[in-house]
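Chemist: In case you want the letters, here they are:
2 protein chains.
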Amino acid sequence: MNITSEEADNLVQDLQRLIRQPSISSKKIGLEKCAALIVKIMHQNGISTRLFRVNDGVGVNRAQPPPLIFGEVKSKSNPSAKTILFYNHYDVQPVEPLSKWIHHPFSGKVESNRIFGRGASDDKGELITRIVAVASLLRQTGDVPCNIKFIIEGEEEIGSTHFKRYLERFHDFFKCDAIMWEFGYVDTKNRPIINLGMKGLLYVEVIVTGPSTDIHSSLAAIVPSPAWRLVKALNTIFDDRSGKISIRGWYSEVQDFTSEELLLISNQPPFDEIEFKEKYNLRKHLVGDRSGNELKKALAGSPTCNISSISAGHAEKNSGIKTVLPSIAKATIDFRLVANMVPEIQFERLKRHFLEFGFNDISIRFIHGLSASRTPFANPFVKLVSESAEATFRQRAIINISSAGSGPMSLLVNAVKAPCIAAGCSYLYSNIHSYNEFARIDLLKVGTNFIMDLIERFGSTTEL
Amino acid sequence: MNITSEEADNLVQDLQRLIRQPSISSKKIGLEKCAALIVKIMHQNGISTRLFRVNDGVGVNRAQPPPLIFGEVKSKSNPSAKTILFYNHYDVQPVEPLSKWIHHPFSGKVESNRIFGRGASDDKGELITRIVAVASLLRQTGDVPCNIKFIIEGEEEIGSTHFKRYLERFHDFFKCDAIMWEFGYVDTKNRPIINLGMKGLLYVEVIVTGPSTDIHSSLAAIVPSPAWRLVKALNTIFDDRSGKISIRGWYSEVQDFTSEELLLISNQPPFDEIEFKEKYNLRKHLVGDRSGNELKKALAGSPTCNISSISAGHAEKNSGIKTVLPSIAKATIDFRLVANMVPEIQFERLKRHFLEFGFNDISIRFIHGLSASRTPFANPFVKLVSESAEATFRQRAIINISSAGSGPMSLLVNAVKAPCIAAGCSYLYSNIHSYNEFARIDLLKVGTNFIMDLIERFGSTTEL
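Chains as they are written, first to last, in the numbering used here: chain C, 35 to 498; chain W, 35 to 498.
Derived by calculation from the structure, the hints in this document are not laboratory data. Any given hint could turn out to be false.
Identical copies carry no separate label here, and so any pair may be met within one copy or between two of them.
[What the hints assert, rightly or not] With a straight-line Cα cutoff of 20 Å, these simulated EDC-like cross-link-like pairs (lysine to aspartate or glutamate) come out: (1) LYS364 - ASP248; (2) LYS134 - ASP248; (3) LYS318 - GLU390; (4) LYS311 - GLU421; (5) LYS364 - ASP395; (6) LYS143 - GLU202; (7) LYS318 - ASP395; (8) LYS356 - GLU239; (9) LYS134 - GLU145; (10) LYS134 - GLU424; (11) LYS385 - GLU106; (12) LYS311 - ASP248; (13) LYS223 - GLU382; (14) LYS110 - GLU382; (15) LYS313 - ASP248; (16) LYS356 - ASP248; (17) LYS364 - GLU294; (18) LYS61 - ASP206; (19) LYS318 - ASP248; (20) LYS451 - ASP323.
Everything numeric in this text was worked out from a predicted model, so none of it was measured.
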């Protein structure tokens, strides 16, 4: 079953309405209004909703985090059917630099096959295909063949700050048998890319303090520098040539790929190293001199250690010669974690490492931690989703063991104990998080048909 | 001979006039006006002047660097006498942060024994004592006992950009037999501190580039990071525990202290490590676990390697979690050099080091270089200056082989081939380069008497 052309037109208009309502979580802009608009659109499309709320802090300082939208449609003909849950988010990234946008980021401007605007793909575009797919089934058949739930949160772009609390507080509402994660990509050859998991994350800040103020650098002859201390400490944790993390026990929980996973990787289309290097103007060997399948394996399965930022001393532009010994030196490090690694345990290993190497004068702050999540390839939901994607996109699906990125997938999966897959219809180069984000209208339509097909399959499967 | 109390009053008023004329070289503010005011004050004090100018660039882009003021008074009774040259500068450091000043930085506000304002000590206060000393001798004796020259430049605080060109162009004017450098300190016990030299400087920028833009750090699994590369490269050049620079050949030209210099160091008052650590809130061992005389030796004679700045990735405050792999990583390093080290040669050694260690992807830029300068302790001018200082300050003088800081002293010394000593009357904790800079009025008076005494001794010595 497919959406009608009238429904496709409405989909474009609804996405434009959503884009025109800014909802920037990092700046607390428009979140309540956007949530209200989504509730309205869901109601118009026959989906019942509730706005869940949790509080933050106490007393007069109590803040109100953006609400979580819960949506639900029960199957009339089959009320005891299995339940599929769609996870999405209504918040978006900031839009700066505004000057680089060819159309205003909140215009929803349509130009031939593209709708431009912040959130067009991530994640308002994906969300609208899921709402319209349900609505189209309701309109064309008067029912849905399985139970359907929606979770639409408003803090995904800032680390899903309160998501865990929502999951704890409203746990009983979220019971389901399978989860469709917020996104999925379609590559330049129109092949759907399906991710069976996401990496975890440990995000820390490392701070070294020295003299109480920046001092004249002539005193470097006798005063230890926090900038040097930071360089020396960081140097001990990572070998940037091989890509190996040198912290004792770091890889203890990491498991080798199974033979099934290795087969999956080698069956994927080749990694286009030349295209990749050209895109980012890279003139060096890649990490560990990896090539071919090794690159795909690293993206799906290698823990990483990345310096997100480092700073000390004066950093103003054009400030000329300024010879100070800095008072403070800082770095933020993001470690991507793979299945079975626990952020809190890895953090303890990092702290122990610095102590063992004599860096007891360094302060380390745990900023954010997320576990990795992986649904095994053997889970029948994987077959169901990939067959559905291949039937609607009419292309061989590319199945990744894990996205190279991180997200709160593990929170939801651990809370509801269900398989979770990321598949959708965002064009791979749709500029998400950057300027000139857009969604391809042809893919939005195919993506909606994919969700309809998936729901139909899900309603009739006996394998899950 | 001493200044009269009327002359002392005039000195304070002249210094206030100078402070009230801003002259910030890094912002090109008020330099011409300040030079004109100094010329006026010098004329009023009986010193003849010339404004020297060099041009910079060509055609319409030709910039006009601030003028160099040349001043001269010839001895009438002894025209073939030796010549003493005073080097000073009329430009000052910026005044930010303005909010921290208790009096406006260009107010010249007098509060009991202090004159507040940018330049009060560095270097307008020192300059005025030298002008008034000459004027007082002229007034009281109708003559000066030796020939006197002044060089007053306007770019000292920005690295004396055109000083070398002035020295080449007007070389013949600057002939002299001894040089008094711009500054000299007086410690908390009113002891004059005399420096026989300054360290040199090599200031470089190290840049590593990676992907053409900041990219999502999930790609750290395969993309080499310029931030890591910079950390790894810097790590190889310096051992921050011992304070030793690990670049091959770095110390080749460095000579041990002579037994005479060692005696000089051990005869200095002890380095007050406790006071020093309290002042900067240092809770660590000093570099190389040095203490006692070793600290004095390091300040006077150790080459240093200091990270003035390091930066990569996002560094905005409160920007929360931002996991990027930076496109570029930068550091500026200042190396203090000691006698006989040549900045250009050390730069080549640094470049060779990075190549030998496999960092051929790193770009290094030579930003500024200055050689060290040292007048030997045995030079008779040292005895003359220190005896004069002890006679006027009525305290034992502290003689340093070299200041721990750097300046263009070597340019002038090499151009005119004369001994050069830094001695003056700035209170050691007078907040130079910082907010609430001030000069002590009692020290300005004693400092003027010191210069008068020095000129008298210089006019009658037969040893130089």
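Chemist: Take the hints in turn and mark each one as holding or not.
Modeler: Here is what the structure says about each hint:
1. With identical chains, the CA atoms of LYS364 and ASP248 are at most 20 Å apart both within one copy (14 Å) and between copies (19 Å).
2. In the homo-oligomer, the alpha carbons of LYS134 and ASP248 lie at most 20 Å apart only across protomers (16 Å), although the nearest pairing inside one protomer, at 37 Å, exceeds that limit.
3. For the identical chains of this complex, LYS318 and GLU390 are inter-copy neighbours only, at 18 Å across copies versus 34 Å inside a copy, given an alpha-carbon limit of 20 Å.
4. In this assembly of identical chains, the alpha carbons of LYS311 and GLU421 never lie at most 20 Å apart, being 32 Å within a copy and 70 Å across copies at closest.
5. Proximity of LYS364 to ASP395 under the C-alpha cut-off of 20 Å is restricted to the intra-copy arrangement: shortest distance 13 Å within a copy versus 25 Å between copies.
6. Taking the shortest alpha-carbon separations for LYS143 and GLU202, neither the intra-copy value of 39 Å nor the inter-copy value of 65 Å comes in at or below 20 Å.
7. Taking the closest pair of Cα atoms, LYS318 and ASP395 come within 20 Å of each other only across two copies (9 Å); inside a single copy the shortest separation is 35 Å, beyond that limit.
8. In this assembly of identical chains, LYS356 and GLU239 lie within 20 Å of each other by CA distance solely across copies; the values are 12 Å between and 26 Å within a copy.
9. Taking the closest pair of Cα atoms, LYS134 and GLU145 come within 20 Å of each other only inside a single copy of the chain (17 Å); across copies the shortest separation is 54 Å, beyond that limit.
10. In this assembly of identical chains, LYS134 and GLU424 lie within 20 Å of each other by CA distance neither inside one copy nor across copies; the values are 36 Å within and 67 Å between.
11. Taking the shortest Cα distances, LYS385 and GLU106 never come within 20 Å of each other, neither inside one copy (45 Å) nor across copies (66 Å).
12. Taking identical chains as interchangeable, the C-alpha atoms of LYS311 and ASP248 lie at most 20 Å apart only when they sit on different chains, with a minimum of 14 Å there against 40 Å within one chain.
13. In this assembly of identical chains, the alpha carbons of LYS223 and GLU382 never lie at most 20 Å apart, being 44 Å within a copy and 51 Å across copies at closest.
14. In this assembly of identical chains, LYS110 and GLU382 lie within 20 Å of each other by CA distance neither inside one copy nor across copies; the values are 51 Å within and 81 Å between.
15. Only between protomers do LYS313 and ASP248 lie at most 20 Å apart by alpha-carbon distance; the minimum there is 12 Å, versus 40 Å within a single protomer.
16. When the C-alpha separation of LYS356 and ASP248 is checked against a cutoff of 20 Å, the pair qualifies only within one copy, where the shortest distance is 11 Å, while the shortest distance between copies is 27 Å.
17. In this homomeric assembly, LYS364 and GLU294 never come within 20 Å of each other (Cα to Cα): the closest approach is 43 Å inside a single copy and 44 Å across copies.
18. Neither within a single protomer nor between protomers do LYS61 and ASP206 lie at most 20 Å apart by alpha-carbon distance, with minima of 31 Å and 65 Å respectively.
19. In this assembly of identical chains, the alpha carbons of LYS318 and ASP248 lie at most 20 Å apart only when taken from different copies (16 Å versus 36 Å within one copy).
20. For a Cα distance limit of 20 Å, the shortest separation of LYS451 from ASP323 qualifies neither inside one copy, at 39 Å, nor across copies, at 57 Å.
Checked against the numbered hints listed earlier, the structure breaks hints 4, 6, 10, 11, 13, 14, 17, 18 and 20; every other hint is satisfied.
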